[in-house]
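Q: Spelled out from the first residue to the last, the chains are:
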Amino acid sequence: MVEGILEIDDSIFDAEVLKSDKPVLIDFWAPWCGPCMAISPMVEQLAGEFGDKIKFVKCNVDDNPISPGKYGIRSIPTLMFFKDGTVVNQVIGIVAKSKLEEVINKIL
Amino acid sequence: MKSLDYDLVIIGGGPAGLTAGLYAARARLNVILIEKIVPGGQVLTTDWIENYPGFPEGISGPDLIQKMTEQVKKFDLNIESNEVISLDLLSEPVKKIKLSDRTITSHTIIIATGASPKKLGITGEDVFFGKGLSTCATCDAPFFKDKMVAAVGGGDTAVQESIFLTKFVKKVYLIHRRDQLRATKILQERAFANDKIEFIWDSVLTSIDGLANVEKITVKNIKTGDTKELSVDGCFIWTGILPNTNFLKDEVKVDNYGFIIVDSNMQSSVPGVFAAGDVRSTGLRQIVTAAGDAASAVFSAEHYMENRILFKFRGNGQSVKR
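For the protein sequence lines, the chains are S and P, in the order given.
Be aware that the first sequence starts at 1, since it is given in the numbering used here, and climbs by one per residue.
Be aware that the second sequence starts at 1001, since it is given in the numbering used here, and climbs by one per residue.
Careful: at least some of the hints might be erroneous.
[Said to hold, decoys possible] Here are the simulated EDC-like cross-link-like pairs (lysine to aspartate or glutamate), alpha carbons at most 20 Å apart as the crow flies:
id, chain 1, residue 1, chain 2, residue 2
1, S, Lys97, S, Asp21
2, P, Lys1131, S, Asp62
3, P, Lys1167, S, Asp62
4, P, Lys1131, P, Asp1209
No wet-lab data here; the hints were simulated from the structure.
Using the sequences plus the hints, can you model the full thing?
A: Written out as structure tokens, the structure reads:
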């Protein structure tokens, strides 16, 4: 596990994401997804910068089909932003770091 | 020469940009590569590459990019994650590159920003992106296990990626506006031999519908005018690309589609500004041509700088020793 990013499974999704005190950025990914692997260092950088205000979480969609199914994930990487248990924003595909910072600043 | 920040600024970190970086770093140029997102570009979404020489077994797009990135790092190429906002090429010969946080100056520029999948501009396209509509089979195919999907296009990407889709899905409708494919023959042979691909010729996609996710598409035969609906869970669009040139206004000459026009030395309409790879106006866009363009562009950039020095000294009436 990368420092500052919590790898979760379906069983703890509710507790770690929906019931989180802090806003959550969840990265839905899979090991076969090239773009997911490519943006992973960027998400780690963001975790370093915003980790005190936002909880960073990763969910492997291969091992955990329930949560991505529940949120209609059909494309990865999808970065989904949760606040008080609801989805407040999502970014699909690879985007510039500045775009993610913009979204983060909006939800903070 | 007046002291500028860089000899060469490379914009973009796909195969063209990384190759330019490799050549420039080995030429000991004072170079920086600016990449907006992460190195790789469209290759990251390419499932399998078997036409890049040196990999007889083939190689995945992400693996090839990882190797290219490792290679440039070996020569200490300076890669910065930043975005080019605009270029100012008016103060010839100084090129100013406006980044998100500062402006840098350079003697030469290589534009290697690549291209992105083109949108069709049809109903439902924006709404369903990521909800069943995709341009990346390697990212999303497993979500459509044993489902029906549609693919649109007839070039290499459409055919190659449709074949990849068949490893997961029940069936692919391959929709193409002509009655024959444009893709490389070997890909065509594989597609025709694949039971899971059903071709829908002379047809275009006119809409994508569904509640939360893609549920059906409408296809129109352009010869007969007939339309029909197909129930699908996914729809992949590979009908061509558009150049990534948002940061340009009219600084360099482009073709009718916005791709940068260059000469045989990869030089654009502005001396000292070069283009390489998918972003340039060309008949063939491959990883191998992107790499070749980039090597030429760096060679031309070096040549340009040498000539500038000669020109300047001559202009000052000083002797030139070479």
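Q: Enumerate the violated hints, using their earlier numbering and listing them in ascending order.
A: Structure breaks hint 1 only.
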